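Listed below, chain by chain, are the residues.
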Amino acid sequence: MSRPSVIHCVLLSTLLLSLSHLGFADEPSVTIQKVSGNRMLIALFESNSHVSRACRVDEPILAKLESLDIRAAATCSDSVFVRRVYLDVIGTLPTAEEVKGFLEDRNINKRRLLIDRLLERDKFADYWAMKWCDLLRVRSEFPINLWPNAVQAYHRWIRDSIRQNKPYDQFVRELLTANGSNFRNPEVNFYRAVRDNKPETIAAAVALTFMGTRADAWPSKRLSEMAVFFEGIQRKSTAEWKEEIVFVNLLDASIESAGGRPTSASFPDGTRVDLLPMVDHRQVFADWLVRAENPWFTGSIVNRVWYWLLGIGIIHEPDDIRRSNPPSNRELLSLLQCELVKSEYDIKHLFRLILNSATYQRSCIPTTDRPEAERNFAHYPIRRLDAEVLIDAICRITGTSETYKSLIPEPWTFIPGDQPSIALPDASITSPFLELFGRPARDTGFELERNNAPTAEQMLHLLNSSHLLDKLESRWNPQTSATSPRFGRRVRRSVAAPQSAQADVTDVYLSLLSRYPTSHELEVIRKYTSEAEAQGNEAMVDLMLSLINTPEFLYRH
Amino acid sequence: MKHEPTSISRRGFLRSGLCSVPGLPLANHFCSSASAARSKTGTAKSVIQIWMWGGASHLDTFDPKPEAGSDYCGPFSKPIETNVPGIRICELLPELAKQADKYSIIRSMTHGINAHETGTYLVQTGRMPGDSVSYPSVGSVVSYFKGYRAGYQGMIPPYTVLTKRLGRFSEAGFLGQRYKPLVTGGDPAQDPFAVEGVVVEGISERRQKERRELMHNLDMLSKAMPRSPKLAALKKCENEAYSLILGDGAAVFDLAQESDELRESYGRNTFGQSCLAARRLVEQGVRFITINYEGWDTHKNNFTTLRQKLPEMDQAMATLLKDLSERGLLDSTIVWWSGEFGRTPKIQWEPPYNGGRGHWGSAFSALVAGGGFKGGQLVGSSDARGETVKDRPVYPCDLIGSIYQRLCINPLEKLPHPLGKTVHATPTAEEGVPMGGLLTEII
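First to last, the protein sequences are chains A and B.
As numbered in the UniProt record's numbering, residues 1 to 557 make up the first sequence, in order.
As numbered in the UniProt record's numbering, residues 1 to 443 make up the second sequence, in order.
In case anyone wonders, no lab produced these hints; they're calculated from the structure.
Source: prediction; values computed, not measured.
Misleading hints may appear alongside valid ones.
[Stated by the list, open to error] Using C-beta positions, here's what the derived DEER-type ranges look like:
no., chain 1, residue 1, chain 2, residue 2, range
1, B, N83, A, E317, 57 to 67 Å
2, B, K300, A, G270, 15 to 25 Å
3, A, S49, B, Q153, 51 to 61 Å
Heads up, the beta-carbon is just placed ideally off N, CA and C, and yes, glycines get one too.
Model the full structure from these sequences, guided by the hints.
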């Protein structure tokens, strides 16, 4: 790709920035259209007024890129940043007002301040509870049967833990050593969310979730040795429907008669440990697991957080850590591990560190086609929005809501009409849209269960479905719908006054793409509204539909 | 698994080897087994799966038990004879009774699971839950072996679902997005049948084209990164979608092209017209069509509900069998009727059920017709009350394996397991899946 020189770029982007703000004057500037398309485009996505300074996270990455002779991408523009950070941190599009507020903010620290604000939003807990519920397989039925009551309690516990920013080692320890009722001590559901109560199955789930490794690939002895720590976990039901007590029976006579509890076991690293009677062996395992010097533990979580925010793990796949799958950047991984331990397992600290890095704030436009560039974080990799995030965004910008259903009928779960799908507690509660767009079923806890690859059926739905068209029309034709009168009034006015039609277009751009339209785009739209078959509100429906179908909307970028 | 002795010459073997795969002698052996050679019908090309969503009562459809008394059969105590001597079905299915020579009833289906999702998974995949990943449904497996990879060039995706998505159990499992079905949405009983994404009322072709151009003109990210492989993949999906929107996709779903008389005889309701749409899809070469037929989870008021639903089902299915047969399509089209399980044989008369039936996985019925399956047969039986299997248990994988055999899918062909595990199209004994053997008696 040919790129303009830096100086040229600065001048141009300043020019474009001012023009794009002024651009919705009645007559779009003709000169702007003559500017080479490529440079104008780059200015939409890249910033020269703001250059993120390299911090310690960036150093190992820049060193690696230098050794590969790859130039890192430029810093992303403010509008790209505001959109990206909202989507990545709280799984929610920024509103037009939030975008405007951020773009107009003159504080040089505004990116850092925005990151801090987002990390404190309730939606942060909602969105990351969703991700953790994927990994912890939180659903009512099949292939594991948690049932609705327990799912609700477990989801609430996970979300509360995230909201409190519970230290990660404590979070894991509480899950691994839980005892009691699935309703009253919801963390015991960790042990119920496995497909059977066999010690090997539990050990494999622990290895996948907290060590990021697939026990299928282990020597079988390693798994059976680890399984020893999870022997003797029992469940008993109570008089309450679907209530179950999970506990370790230290006095189980049948175990004694079958040769007694094991007296020693091996951790996955091969260290042997004596097991004392009358001790819950899960405690012994948890003590080993959550140590600062356990690379499986710290490495797996920092790598996951990196993967969640940057789309590619330092070790990739993030849950396939093994000797033959080395990290792409060992220094980066150990730096993050140190940070995690130093901060006493503060996950938000990791988020803050990564989000403030120059690496995270790079543009998505690659400087080279070499595949190593993306693998080594030379640019921000584009990814299609998660199914939940996408439908929430569409509902937000159209002022509509969705209906969610579960096949598991009892107890009845009330879902308020305005509930975002990122806050759905249960993968058994779903909608055709979520299924079509690859929401994970939460069968396995594998990251790859979430499939964001596009399909023709998805495009068919986005381009031409009555589901989507109804939503758009209810925004622009309120007479046919009860929702969103505000937009309707504005449009009725707009038919008479071209001035406000332009305000509508600006509003559409701010709320869909988190940026102002360029004068080139305004001209395209002006032409469409005057020459195309669709007129008035229909043209606005077409505009929104078209923008929804651009990768700029569909992809994190 | 019993196999009939093969007495077929090498030449005959080759002649009948319609789907011979070089280097895969097993496939040939499999497809030209004695039973396939004996039937003159050739191999099946398409499947219409009628999914009795929620689990239909076996006692109130194809396995009536009037002798068990009114606590079991309720008001449906007078089953009717069919055109095959010795086969009786529910009195509310008189039209299907006239077509019994075209289908076989399996009265000994079993898997023992009484939960919707798990039962659905078992019947749709043939496998027990337990592996760490989800398996593909039959439709996705058929799409994998007989769809695009096998040179399928139809306009409509090879696996199509009418009209609602069942959720992930009519899904591709680990086969991935490419093998998910097209789900039509809309209602074929309405004119037009607004197939989601394909048919939109009131939007002209001109507007579609102008809108597409607008979208391209406003697509700044693709212009900024013109060589992105990810955006190229998205573009490909968009092109495929538009080939349906702007192509003749809508015509396939335009049921107004059928005569009013035929439309009436299918029944002017969602299920009836779905059956008609399914026949049109078969004519297009679509490999696997699922009709998700809602409303069979009759915990309450089972009999009131069925008095209304069974005549609808009867009319549509009987017309479908007749229509396929008259058009010469039944020989190459399998019709498979089943839900995730049957329903509790002993009726719950007490409130709040008021004559309801719960979930029942230990014995239930399925029906198969066409595609080389013999008609007019009963396979297996349940006990006097329909509670357990009396003889010849048929597990989901037996039925699914038999369908694959009719479609000429080699049971030992491998599925691409994401963790590298060796898995075959049809579960094998090593997987520990309970099985009673292929349905050799009706193949």
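- Task: Against the structure, test the hints numbered earlier, and report the numbers of the ones violated in rising order.
- Result: 2
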